[in-house]
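Chemist: Let's have the full structure, built from the sequences with the hints guiding it.
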Amino acid sequence: MDRSTAVDGPTGHVRGGAVRLSPLGRVGAAVLANRKAAAGALLLALFTAVALLAPLIAPYDPEASDFLPTAPPSAAHWLGTTSLGQDVLSQVIWGARPSLVIGLIAGIVATVISILVGVTAAYRGGLPDLLLSLATDVFLVLPALPLMIVIAAYLKGSGTWVLIAVIVVTGWAFGARQLRAQALSLRGREFLEAARVRGERGSYVIVCEMLPTMTSLIAANVLGAALYAVLAAAGLQFLGLGDINAISWGSMLYWAQNNEALQTGAPLWAIVPGLCIALLGAALALLNYAFDELSNPALRAARRARGRRAP
Amino acid sequence: MGDALLEVQDLVVEYAGAGRPVVAVDRVSLSLRRGEFLGLVGESGCGKSTLCFAVAQLLLPPARVASGRVLFKGRDLAQIGERELRHVRWREFSVVMQSAMNALNPVMTIGAQLRDAIAAHERVAGRDANARAAEVLRLVGIDALHLRSYPHQLSGGMRQRAMIAMALVFTPDLIVMDEPTSALDVVGQRALMAQIKGLQRRFGFAVLFVTHDMSLVGRYSDRLAIMYAGQIVELGATEAIFAQPRHPYSQGLLMAFPSISGPRQHLQGIPGQPPDLREPPAGCRFHPRCPRVLERCRTQAPPPCAPRGDDLVLCHLYTPKEAERGRLSTAP
Amino acid sequence: MDGSAPLLEARGLTKHFRLGGPFSRRLLHAVDDVDLAIGRREIVAVVGESGSGKSTVARLLALVYRPTRGEIRYRGEPVAGLRSRSQMLAYRGHVQMVFQDPYSALNPVYPAAHGLLRALRLHRGESGRHGREEAAARLLASVGLTPPGEFLRKYPFELSGGQRQRIGFAQALACGPELILADEPVSMLDVSIRLGILNLMAELRDRDGVSFLYITHDIASARYVADRIAVMYAGHLVESGPAEAVLAHPRHPYTRLLLAAVPDPRAPAGAEPSDEVAEPPRVVDPGQGCRFRPRCPYAVAECARLTPRPRPVGAGHLAACHVAEADE
Numbered sequence: 001m002d003r004s005t006a007v008d009g010p011t012g013h014v015r016g017g018a019v020r021l022s023p024l025g026r027v028g029a030a031v032l033a034n035r036k037a038a039a040g041a042l043l044l045a046l047f048t049a050v051a052l053l054a055p056l057i058a059p060y061d062p063e064a065s066d067f068l069p070t071a072p073p074s075a076a077h078w079l080g081t082t083s084l085g086q087d088v089l090s091q092v093i094w095g096a097r098p099s100l101v102i103g104l105i106a107g108i109v110a111t112v113i114s115i116l117v118g119v120t121a122a123y124r125g126g127l128p129d130l131l132l133s134l135a136t137d138v139f140l141v142l143p144a145l146p147l148m149i150v151i152a153a154y155l156k157g158s159g160t161w162v163l164i165a166v167i168v169v170t171g172w173a174f175g176a177r178q179l180r181a182q183a184l185s186l187r188g189r190e191f192l193e194a195a196r197v198r199g200e201r202g203s204y205v206i207v208c209e210m211l212p213t214m215t216s217l218i219a220a221n222v223l224g225a226a227l228y229a230v231l232a233a234a235g236l237q238f239l240g241l242g243d244i245n246a247i248s249w250g251s252m253l254y255w256a257q258n259n260e261a262l263q264t265g266a267p268l269w270a271i272v273p274g275l276c277i278a279l280l281g282a283a284l285a286l287l288n289y290a291f292d293e294l295s296n297p298a299l300r301a302a303r304r305a306r307g308r309r310a311p
Numbered sequence: 001m002g003d004a005l006l007e008v009q010d011l012v013v014e015y016a017g018a019g020r021p022v023v024a025v026d027r028v029s030l031s032l033r034r035g036e037f038l039g040l041v042g043e044s045g046c047g048k049s050t051l052c053f054a055v056a057q058l059l060l061p062p063a064r065v066a067s068g069r070v071l072f073k074g075r076d077l078a079q080i081g082e083r084e085l086r087h088v089r090w091r092e093f094s095v096v097m098q099s100a101m102n103a104l105n106p107v108m109t110i111g112a113q114l115r116d117a118i119a120a121h122e123r124v125a126g127r128d129a130n131a132r133a134a135e136v137l138r139l140v141g142i143d144a145l146h147l148r149s150y151p152h153q154l155s156g157g158m159r160q161r162a163m164i165a166m167a168l169v170f171t172p173d174l175i176v177m178d179e180p181t182s183a184l185d186v187v188g189q190r191a192l193m194a195q196i197k198g199l200q201r202r203f204g205f206a207v208l209f210v211t212h213d214m215s216l217v218g219r220y221s222d223r224l225a226i227m228y229a230g231q232i233v234e235l236g237a238t239e240a241i242f243a244q245p246r247h248p249y250s251q252g253l254l255m256a257f258p259s260i261s262g263p264r265q266h267l268q269g270i271p272g273q274p275p276d277l278r279e280p281p282a283g284c285r286f287h288p289r290c291p292r293v294l295e296r297c298r299t300q301a302p303p304p305c306a307p308r309g310d311d312l313v314l315c316h317l318y319t320p321k322e323a324e325r326g327r328l329s330t331a332p
Numbered sequence: 001m002d003g004s005a006p007l008l009e010a011r012g013l014t015k016h017f018r019l020g021g022p023f024s025r026r027l028l029h030a031v032d033d034v035d036l037a038i039g040r041r042e043i044v045a046v047v048g049e050s051g052s053g054k055s056t057v058a059r060l061l062a063l064v065y066r067p068t069r070g071e072i073r074y075r076g077e078p079v080a081g082l083r084s085r086s087q088m089l090a091y092r093g094h095v096q097m098v099f100q101d102p103y104s105a106l107n108p109v110y111p112a113a114h115g116l117l118r119a120l121r122l123h124r125g126e127s128g129r130h131g132r133e134e135a136a137a138r139l140l141a142s143v144g145l146t147p148p149g150e151f152l153r154k155y156p157f158e159l160s161g162g163q164r165q166r167i168g169f170a171q172a173l174a175c176g177p178e179l180i181l182a183d184e185p186v187s188m189l190d191v192s193i194r195l196g197i198l199n200l201m202a203e204l205r206d207r208d209g210v211s212f213l214y215i216t217h218d219i220a221s222a223r224y225v226a227d228r229i230a231v232m233y234a235g236h237l238v239e240s241g242p243a244e245a246v247l248a249h250p251r252h253p254y255t256r257l258l259l260a261a262v263p264d265p266r267a268p269a270g271a272e273p274s275d276e277v278a279e280p281p282r283v284v285d286p287g288q289g290c291r292f293r294p295r296c297p298y299a300v301a302e303c304a305r306l307t308p309r310p311r312p313v314g315a316g317h318l319a320a321c322h323v324a325e326a327d328e
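From first to last, the protein sequence lines are chains P, Y and Z.
Here the first sequence is numbered in the numbering used here, starting from 1 and rising by one per residue.
Here the second sequence is numbered in the numbering used here, starting from 1 and rising by one per residue.
Here the third sequence is numbered in the numbering used here, starting from 1 and rising by one per residue.
Do not take every clue at face value.
[Unchecked claim] Ranges of calculated distance between the beta carbons of each label pair, as one might list FRET restraints:
#1 184(P) - 120(Y): 33 to 41 Å
#2 141(P) - 86(Z): 38 to 46 Å
#3 141(P) - 91(Y): 47 to 55 Å
#4 35(Y) - 69(Z): 50 to 58 Å
#5 86(Z) - 278(P): 53 to 61 Å
#6 201(P) - 41(Z): 27 to 35 Å
#7 141(P) - 16(Y): 45 to 53 Å
#8 323(Z) - 134(P): 53 to 61 Å
#9 53(P) - 108(Y): 57 to 65 Å
#10 120(Y) - 285(P): 37 to 45 Å
#11 142(P) - 149(Y): 37 to 45 Å
#12 201(P) - 24(Z): 25 to 33 Å
These are calculated hints, taken from the structure and not from any lab test.
All C-beta atoms in this analysis are idealised placements derived from N, C-alpha and C, irrespective of residue type, glycine included.
Modeler: Below is the structure:
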């Protein structure tokens, strides 16, 4: 070792084993390492593929109603037909799209609002924090489902965007609280002070120094908000709000309910969309396990320890 | 060593990892007599905290004892059952951990926590437990009215002392302390050390004191063990080591303290940095940074030598052959 | 110090924090009435325990906090008037800061040199990425991190505490400052690594003419590296002067206490010092009077009535004590 250079030598402390992954790589590794998350990822990928490939894999036009109504499952119609003579399988396949789209968009928009409100409140402190936290608390306390029903009923028939808006308005507050708490815990970190002292703008500090260290919580928030959105959208569509003429799992449940599908011999019409909603929700929830571990390494160690105690 | 209170024999502690396990403590042996104050000194990453945990039987996976024994009063602590261990713990030996001031439960009063500790090991009436708690607080210089205080109402130094009080509650024979003063500044550290030494003289317990700051422990310890990269490189009476440090690492450490008195001189510290324990250097682990390195240090692990009788130096320079060579070369 | 006007000067520097919400009346007196001057090419050490206000002084001088009262002048120009972003940025190009905790001072998400490159972009206007990387490599070499190319790519978790701290210095130097405020830069490093950083500070002063305000609780390291020493207690500056003078003839009782508390392994084992367990005070709504009085063996009646101000006790040597004796 060249002793003429600094007192602590040039070589880094970590040799060999440490493989440096990009942030995306780290996420991928975390997902794969955790069985639950991997299962969730697989399921989500499956649904995404179905939604994307719907025109190719759906056997019939989902709205075509010229088949024998209320038919049991057969070779031609794997899941039977509805009481209006439509193919259930095609509807299920095409119905994946709205659920995923609503889940994704509402999840992201709600999280963006959560970030704006929560992190700004934590960073600014004082009066802005007081006001923003008050607003968050108010929205947290609002009863979501009744409010959604009232708003959606009032704006009846305006379709997907209203649905997304309603879900976002009732769903952002929870994430804002969490993100504010985490941002507050970052306040003492000296790298933020160092950024201020070298002359960075406040907006730079928040976006480029704080947020990147909160990515696992933000991702978890997106997943949580998407989960909430999928279930809420299905619920509202089931109640007949949103666009009942568009094909979605929720609207399928609405029509199935209205036509008493369970009693009239087309049970799959009601069961399968419900199952798909549940599975999509489960996929999102399972994926969340990976992010828990990313942000809390102690959980990782506990999981390894459990594995090790096997006889 | 017949009357040793604590004996560590050839202890090896490993951390299981992705590939080969990392050896954090590599064949460490030391012993502690009743009432003795042993300072265990080393920098971050040398394994001293792991050794401390191993002695206190507090290792958690992925760390585990690969070989060797820890004997307390002649009994192998790893072999006795969990129930017996609980009985021994806190009554016969107790532990004060690093940043102990964060180990206090923030939602319970100090008094409640002390009573908890007492009740966990003895069936004592409430009033007596209270009295004992008050007494032990007074011992560390905290007014008994703080029994009703919450941890956040005390300063850092006081919380540290409260933890020591908790360790003293059954006047054990051995207290293991892992850097209990690291969060305090110079005056606070000095005050705490004086306090600990005073209590030790009064109650006669042995202390295993782990720290990275040699100067702190030098005034109070009877013996010193210096650790580097998982091994003990020098062990002996404190005064002897300070007067004449043998191992080049000990020499370097002692020279790393700028002094208040005496001429102002330029000091170097020890070049380089501690090795990565996943791939320790071949031969002597200190050889890349050693100012007195010999050719064989790069390939052969140094044997434990005893230039002064019952102490220990892990260095090729002190093998009988080298010592002979040294004597010959300095002979007139 | 070379006799010319001081680089940075503070007079009557005061900072109070409101405790317990915006409607409370209780004030924490973190810093009270501190006069401090740092000249060119010199290292001034501010020594004190936790709670003495020394870190707050650094943050006031770095304009992280706004002073409650008092004046800061940089090269004679008052700093209070700086409002616009470009003015603040210019000041930060002259006065920079190094932080205590090497494990928290670097953003773990980015490579360790990220802050360094940002600083170069903000202050040196280096055009183009290549120019910045070259300048960064030169800075890394100047703080002893070689080969610099390797360190440009490493992440903080791959570096040791000492290396991270050197990156902190490089980051501060990237702004081209004349003064660096170093807030306990070695307290969290291993003992054998500290000397390297202290030597680096001395080297930067001698070779590059950078002044330092070295904040520490360890008076021995202050002696090793500082030209002048200022001692703080409970928000007040209690003694200041040339390093050797303050150490050889400490006039304030607290300075004497600090000196007695330093463990020196090479000094002969002296008498066992007194079993002091007093705590440094948290100064909330204090009245008049010396704040060291409860712990002071020399206190007289005057000490309770009147807050002592620093007065000369030797050449360039001031002490804030009613009973301190001046040099003959």
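Chemist: Please list, smallest to largest, the hint numbers that this structure does not respect.
Modeler: none
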